[in-house]
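So the sequence lines, in the order shown, correspond to chains A and B.
When we follow our numbering, the leftmost residue of the first sequence carries the number 1, and every step to the right adds one.
When we follow our numbering, the leftmost residue of the second sequence carries the number 402, and every step to the right adds one.
Hints may contain errors.
Label-pair distances were calculated between CB atoms; the ranges are [as the list claims (entries may be wrong)]:
1. A:Ala375 - B:Ser543: 50 to 56 Å
2. B:Ser543 - A:Arg52: 46 to 52 Å
3. A:Ala45 - B:Lys571: 32 to 38 Å
4. B:Lys571 - A:Thr219: 44 to 50 Å
5. A:Glu353 - B:Gln554: 57 to 63 Å
6. B:Gly587 - A:Ala375: 24 to 30 Å
One side only, chain B facing chain A, incomplete, derived with CB under 10 Å [claimed, not checked]:
7. Glu544
8. Leu547
9. Thr565
10. Leu568
11. Leu570
Covered stretches of chain A (in silico footprint by chain B; criterion: 3 or more residues with CB under 8 Å from a CB of chain B, positions within the stretch not fixed) [stated by the list, open to error]:
12. 66 to 76
13. 130 to 139
14. 162 to 172
15. 385 to 394
The hints are simulated quantities; they were obtained by calculation from the structure and are not laboratory data.
For glycine and all other residues, C-beta sits at the position ideal for the given N, C-alpha and C.
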Amino acid sequence: MKHLPRIALFSPLPPSQTGIADYCAELLPELSKHLNITIFTDEPAIVDEPLRRRFPVYETGSYAPRRWDFDLALYHMGNSAFHDAMYRVFLRYPGVVVLHDYGLLQFMAYRTFSQGDLIGYLREFGYALGVEGVYSLRDSLMHSRPYAFTASLNNRLLDLSLGLIVHSQYTRNQVWQHSPRLPVEVIRAPITQGHIAHPYQVPGWPADAVILASVGQVTAAKQLDQALRAFKRLLETAPQARYLVVGGWLPAEVNPPLLIEQLGLGDTVHCTERIENIPEFVDWVATADIVVNLRNPTVGETSAAALRAMAAGRPLIVSDHGWYAELPEDSCIKVPPADEEALYVAMRRLVSEPALRQAMGARAAHHAAEMHSPASAAEAYARFIGQVLSNLDRRLIERSR
Amino acid sequence: MEEEKWRYLQSRQTLREHPFHSNVPLLGPLIAWFRECWNSVSTRWYVRALIEQQNAFNAAVVAHLRTYEDRLLNLQAQIDVLKQTTDSEGLNLQAQIDVLKQTTDSEGLNLQAQIDVLKQTTDSEGLNLQAQIDVLKQTTDSEGWLIQQDRQQTALIHDLAELTTQLALKSRALSDLEQRLAHLEGTQPPAQEAV
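Chain A with its partners taken away, still in its complex shape (with noise of 0.2 Å):
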């Protein structure tokens, strides 16, 4: 008799407002057609109907008593605050991770310097640095000196963990550096297809208007300001251009309205607030003729924006490095990070050339398909568990001779 693996997974899940929540909640029906899951997350009882139906969900912290009832312990460790309680847990109880976001230093800060443990934040950097790490972490607090804050501090993520699931070459590399042993298998982030797109009509655009967006909530590293700069030269000479900035902001970090005010860009630019559901956001997706996605600095993240973009069937203008650079060439114009005029290239490229954006659009709805489909992602992620399990199965043979 085969049994599945049994698999406790540790996620936010919707309503929460992170994107890897809507992964999770995507890619939980393909992925129990071949692990046996059992849900661990925060607030259980705000969990999406659907979701409860069909996994067994529990609290974060009441995994202790039930750990035997597992073979294997699933994370999905990003960099932000919902994965603090399961980091936790994860500390004493080690299992396979997927890595959202190669760099964890605003998840570390969050947990430890936020909430008054600078002893803790201190210990991280000890961890990840060495005693050198400690000094300059120390003098930069102390006299105020600037410190490049560019550590990754997921050292200790690295070392627990008993397998790790990532979503590019580029991060798969940058693990390697630091653990060259640790299977790492690169998984292509699952994304949706078949949701029918209805695109919204911004009132008093023209109906030739050619759409750029941003997507996704905008903060500092999405560099919005560039962005808006280069649309602003593209005007004199593309004048029935638009800009759509989809999903809201983040306050602390940008503030889009000031910032078209101070470019006088009036009602070329059209702002949303947050987008509270996938459908609405697909449609503002949709509505967009070509999509900006810029990240500067790449902490090794996958964006589930530009994701959908793609599978919306609309092409895309990225910063060519971490997971962005390995994008396909033929459905997106990647431009080096922090390159104004390229990107005024790009979009004035793509402004200009109707068949060039259909052509591309058609390809990375293609690519989307193909490549991201939760099914192919889900059977990997089953068959990187397998020989994760299978490994540790053989060492403890080897163990016992």
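Model the placement of chain B on the given structure of chain A, informed by the hints.
Here is chain B on its own, set in the frame of chain A:
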């Protein structure tokens, strides 16, 4: 020159005609007279001039000697004075040297004492610095040690997780075997205990 010698020289500086005499008994005065007479006839007027010349020369020599003697005495007196002065100066200098030597020795001792104090202070400061360096080194070592312990503990937790997973897999395999065995034997499998 001694006074007696001067008197001797002065007594001898003037030549006198030699009075002839004879020790021949009876004829002796006659012989002396004859010689006197003969001398007067043959040599007196000639010898007397020589005597006078010699006397003048002798007087001049004695006078010169006297002058030189006086000058020598004068020089000797000056030398004596100078010697006394030099001796006195020398004594004074020696005294000054002795004083300086004593002062130098004293200063030297003082300096040596200061050097010793400085050396002790330096040694003490050095020890203090070394102690501080040791403390810093220990702190660094301590922090390094803590980091090392943290990493080792993490590695142990990782190994424990591997073993736990392996144990869970084996427990599940054993449970499957027991179920199959029970099925073959037609009995109930034993209730699985928590690992």
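Cross-check of the supplied hints:
1. Between Ala375 (chain A) and Ser543 (chain B) the C-beta distance comes to about 54 Å, which sits within the given range of 50 to 56 Å.
2. Against the hinted window of 46 to 52 Å, the Cβ-Cβ separation of Ser543 (chain B) and Arg52 (chain A) comes to about 50 Å, which satisfies the hint.
3. Range check, Ala45 (chain A) to Lys571 (chain B): Cβ separation about 36 Å, and the 32 to 38 Å hint holds.
4. Checked against the hint of 44 to 50 Å, the C-beta distance between Lys571 (chain B) and Thr219 (chain A) comes to roughly 47 Å, which is consistent with it.
5. Separated by about 59 Å at the C-beta atoms, Glu353 (chain A) and Gln554 (chain B) satisfy the suggested range of 57 to 63 Å.
6. Gly587 (chain B) and Ala375 (chain A) have their C-beta atoms about 42 Å apart, which leaves the hinted 24 to 30 Å range violated.
7. Given the 10 Å rule on beta carbons, the hint for Glu544 (chain B) holds: about 5 Å separates it from the nearest Cβ of chain A.
8. The beta carbon of Leu547 (chain B) comes within 7 Å of a beta carbon in chain A, closer than 10 Å, and the hint placing it at the interface holds.
9. For Thr565 (chain B), the interface hint holds, since its Cβ comes within 10 Å of a Cβ in chain A; the closest pair sits about 8 Å apart.
10. Because the smallest distance between the Cβ of Leu568 (chain B) and any Cβ of chain A comes to about 9 Å, under 10 Å, the interface hint for this residue holds.
11. Here the hint on Leu570 (chain B) is kept, as its CB sits about 6 Å from the closest CB of chain A, short of 10 Å.
12. Judged by the Cβ-Cβ criterion of 8 Å, the stretch 66 to 76 of chain A is covered by chain B as claimed, because 5 of its residues qualify and three suffice.
13. For a cut-off of 8 Å, the count of residues in the stretch 130 to 139 of chain A with a CB near a CB of chain B stands at 3, and the three-residue condition holds.
14. Using a Cβ-Cβ cut-off of 8 Å, 1 residues of the stretch 162 to 172 of chain A lie near chain B, which falls short of the minimum of three, so the contact claim is violated.
15. Here's how the stretch 385 to 394 of chain A fares: 3 of its residues keep a CB closer than 8 Å to some CB of chain B, so the rule of at least three is met and the hint holds.
Hints 6 and 14 from the earlier list are contradicted by this structure; the remaining hints agree with it.
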